[in-house]
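Student: One-letter residues, chain by chain:
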Amino acid sequence: MTLIDLANPTRFLTLTARLLPWLAAATAILLLIGLYQSAVAPDDYQQGATVKIMFIHVPNAWLSMLVWGVMSLAALGTLVWRHPLADVAAKAAAPIGAAFTFLALVTGSLWGRPMWGTYWEWDARLTSVLILFLMYLGLIALWRAVEDPSRAARAAAILTLVGAINLPIIKFSVDWWNTLHQPASVMRLGGPTLDRAFLIPLLVMALAFSLLFVTLQLAAMRNEILRRRVRALQLMQVAQAGRSPA
Amino acid sequence: MSLGPYASFIVTSYLLVTVVVMTLIAWIAIDYRRQKQRLREFDASGVGRRSGRSAADLR
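Quick mapping for you: the protein sequence lines, in order, are chains A and B.
First residue of the first sequence: -17, per our numbering; consecutive thereafter.
First residue of the second sequence: 786, per our numbering; consecutive thereafter.
In case anyone wonders, no lab produced these hints; they're calculated from the structure.
There's no promise every hint is true.
20 Å max Cα-Cα, derived SDA-like pairs, lysine to any residue [unchecked claim]:
id: 1; chain 1: B; residue 1: LYS821; chain 2: A; residue 2: THR(-4)
id: 2; chain 1: B; residue 1: LYS821; chain 2: A; residue 2: GLN216
id: 3; chain 1: B; residue 1: LYS821; chain 2: A; residue 2: LEU(-5)
id: 4; chain 1: A; residue 1: LYS153; chain 2: A; residue 2: ILE122
id: 5; chain 1: B; residue 1: LYS821; chain 2: A; residue 2: LYS153
Keep in mind that this is a model prediction, so the values were computed, not measured.
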């Protein structure tokens, strides 16, 4: 099966049906390994046991940006190549991205209270992630508000590409501004500064959450394809009713 | 495993992630069942039945 074949929603559904059980199983196994490693990871010499929040906060924060990146690629697919699955992918990803962003914000807040002495600070990193969350909600509202799917797809794609400007702002906010949030300690030019005892559980959890995203995304795309078929059948039903004699 | 004086922050974080992820999974699973049910209803009413293919004949 080539990439072009996946442009056909029916073939995509067949592939998804085959892949989903394997992806779900791999996600569950990796999550269990990651959770075990997080539980037995040593306490940090400064943060104590609160370092365990990092193992769920950081993967959610990474995914909050990755999902918008995926939606931006899908937006290009909608606007440039008019790929039939591009808008389906973007629409399916938005609630999942919003959930990851929400979790990044709340777990960060719960980590911040014991470490910084405050749940919230209007610094560049926290504020830019809050803006990302609001943009997710805005996109979801847009898809719900516009009746015609093709018009909604174009508007959402443009909004997604405009919103992608926020991604480098989030990433580099800790370098460009003086923030309460710590600078990058894993994805940095000089290599990770984290000790292996924390880095390995973190990477396992990041991989587990990434697999979780792929699994949920494929399942949500399958639902969206079915929803569009239902809509097409509803329109067909209305048309048939209009043709039938009174 | 001792979580120290901030155990409530750690436990709340993990519980919250569990609840949100389980809610996402349940929402997607329920949505799938709902769409399949609607397709079966269309199929039963004969709408969109062409070339022997049923509307609900989708995995």
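Student: Each of the hints needs a verdict: does it hold here or not?
Tutor: Verification of the supplied hints:
1. B/LYS821 to A/THR(-4): Holds. B/LYS821 to A/THR(-4) sits at ~15 Å (cutoff 20 Å).
2. B/LYS821 to A/GLN216: Holds: B/LYS821 and A/GLN216 sit about 14 Å apart, inside 20 Å.
3. B/LYS821 to A/LEU(-5): The hint holds at about 13 Å.
4. A/LYS153 to A/ILE122: violated, 23 Å
5. B/LYS821 to A/LYS153: violated, 41 Å
Figure legend: structure checked against the earlier numbered hints; hints not met, in rising order: 4 and 5.
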